[in-house]
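**Student:** Chains as they are written, first to last, in the working numbering: chain A, 424 to 691; chain B, 1446 to 1732.
Distance condition first, Cα-Cα at most 27 Å in a straight line; then the derived DSS-like pairs of lysine-lysine:
1) B:Lys1550 to A:Lys622
2) B:Lys1516 to B:Lys1531
3) B:Lys1522 to A:Lys616
4) A:Lys600 to B:Lys1522
5) B:Lys1505 to B:Lys1522
6) B:Lys1505 to B:Lys1557
7) B:Lys1550 to A:Lys616
8) A:Lys572 to A:Lys659
9) A:Lys622 to B:Lys1557
10) A:Lys600 to B:Lys1453
11) A:Lys600 to B:Lys1557
12) B:Lys1516 to B:Lys1557
13) B:Lys1453 to B:Lys1531
14) A:Lys494 to B:Lys1522
Some chain A residues flagged as far from chain B (calculated, every beta-carbon gap over 10 Å):
15) Ile450
16) Leu473
17) Ala480
18) Ser482
19) Ile523
20) Ile544
21) Thr551
22) Ser568
23) Arg657
24) Arg664
25) Asp669
26) Arg687
To be clear, the hints were calculated from the coordinates, so they are not data collected in a lab.
Since the model is a prediction, treat every value here as computed from it, not as a measurement.
Even glycine gets a Cβ: it sits at the ideal position worked out from N, Cα and C.
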Amino acid sequence: MLKDITLGQYFPGNSPIHRLDPRTKLIWLIGYIVALFTAGNWASYLVVFLFLAFVVALSTIPLKSILTGLKPLVFILIFTGVLNVFFTTGEKPLIAFGVIRIYREGIIRAVFMMARIFMLICGTFLLTYTTSPISLTDGLESLLSPLKKLRLPVHELSMMMCIALRFIPTLIEETDKIMSAQKARGADFESGKLMQRVKALIPILVPLFISAFRRADELATAMECRCYQGGDGRTKMKLLRYKLLDFKAFLLLVVLICAVILLRVFGL
Amino acid sequence: MTPFLQVKNLQHIYSTGTPFEHVALEDVSFSVERGEFIGIIGHTGSGKSTLVQHLNGLLKPTAGSVILDGKDIWSDKALTRQCRFKVGLVFQYPEYQLFEETVYKDIAFGPKNMGLDNAEIDRRVRKAAGFVGISEQQLESSPFDLSGGQKRRVAIAGVIAMEPEILILDEPTAGLDPESREEILQNIDAYRKAQNATVMMVSHSMSDVARITQRLLVMNGSHLVMDGTPAEIFNRAQELTDMGLDIPEVTRVFLRLRQMGMDVPNVYTVSDAAQVLFSMKGGRIDA
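When you get a sec, could you build the whole thing from the sequences and use the hints?
**Tutor:** And the structure:
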């Protein structure tokens, strides 16, 4: 069922990770990605992995949900791995078969790249799993607010993002409903040749687009009725404030980055 | 003799293993015969919509079984698909599922999926359009040019055109004006009589179900709590009110009259009420 797609979904909870300020989590994610891309040997990867495992454990998100969320990305993971195995050159080929030459370096690199992508995705998933879309965009708006001085429409951008995120589950639900309704009329989405399958999507896409436009129209009217006119002079119901927990998180981030850099420099 | 459609100990749990886990149906059993007109009532979230989606194999029960014509609809894949044609399901606000260029093509979508030949499809489309009062001219127009009530009829016709032996409608009259409501209910009943089909209708309008159905299923908190004729069900007015359900207005008036000490029976339709009142005055109704 489409409903089981967990990509970008929010899992409500009350773990320390859930309670962190969204800005902390965004900065953490950036720092984490920096650490991940700085890491270059086994030890540093292990450190990043341990941090990830620690955060996952803290978040109380069941491991199963994280792994099911990864399912659609398995192809990219394997693709990257294979590409790296075949196209990295080193000193002495392990296997040489015609044009195919596999080097030791290639295999190591493939493993590193796959681990990197895997941890990257897990990290971003954790952010969306533990942060509601609204607080996420709130945090983003607050982090980007210095750019307002450059006349960048920060509020409008984050509002657009908020609306887009907000409507993902709604559209998924809608697609589900329309699919069921067309299935009830005997539509078959699971069998047939490629062209037939593409054609079978028309009865879903047409109503879906119509309803998306209708919703957009209704939302615009509703916002205008409440005198929405952009970010100027708008106050927030939930003010973002850093708490002790956030400072602890920042400290941890500094430790992580330092550890990875040290391991890289001294090449342990 | 085995019943036409039988539901046995049906259970459905949504999103098992996530924080969103939710039991929508628990131990629901009943059976249905040909030609019945059944109303399904219950509070929002009581499992009505989940229940009806099990009857044509759109949802797979987490426990229990749905038996159509003596065969479990999940026993093989072809059977599941076949049962979608035998059990026609009209969703809530079905007009949002229209997609074709013309009304004709949209109604023909179901029969086409059944693999019928063109002559048969044509016959069914025209017959279904006739049941719901769509004119020849409208058949060639775009479904998006029609009014809300007419779109609804087209969508219902799209399911009727498959000539299902059981027609299930999830709140077919929600959001329509009284005149359209009445017409659609009459259309549905006409289909039932013409085809000796079973009709099951989910509704929130107690006066509608009281007037038009012969049997009521009451859902509450994912359980089937009552199953009986409208008279039996509305006699238990207090229990219904406790569940947060309504009773027909006229039933409420008569209950109040009884509480005030008048000797009146329980009634649940306006015409019955009129009859009772006239007979109390010693008169009779002129047809």
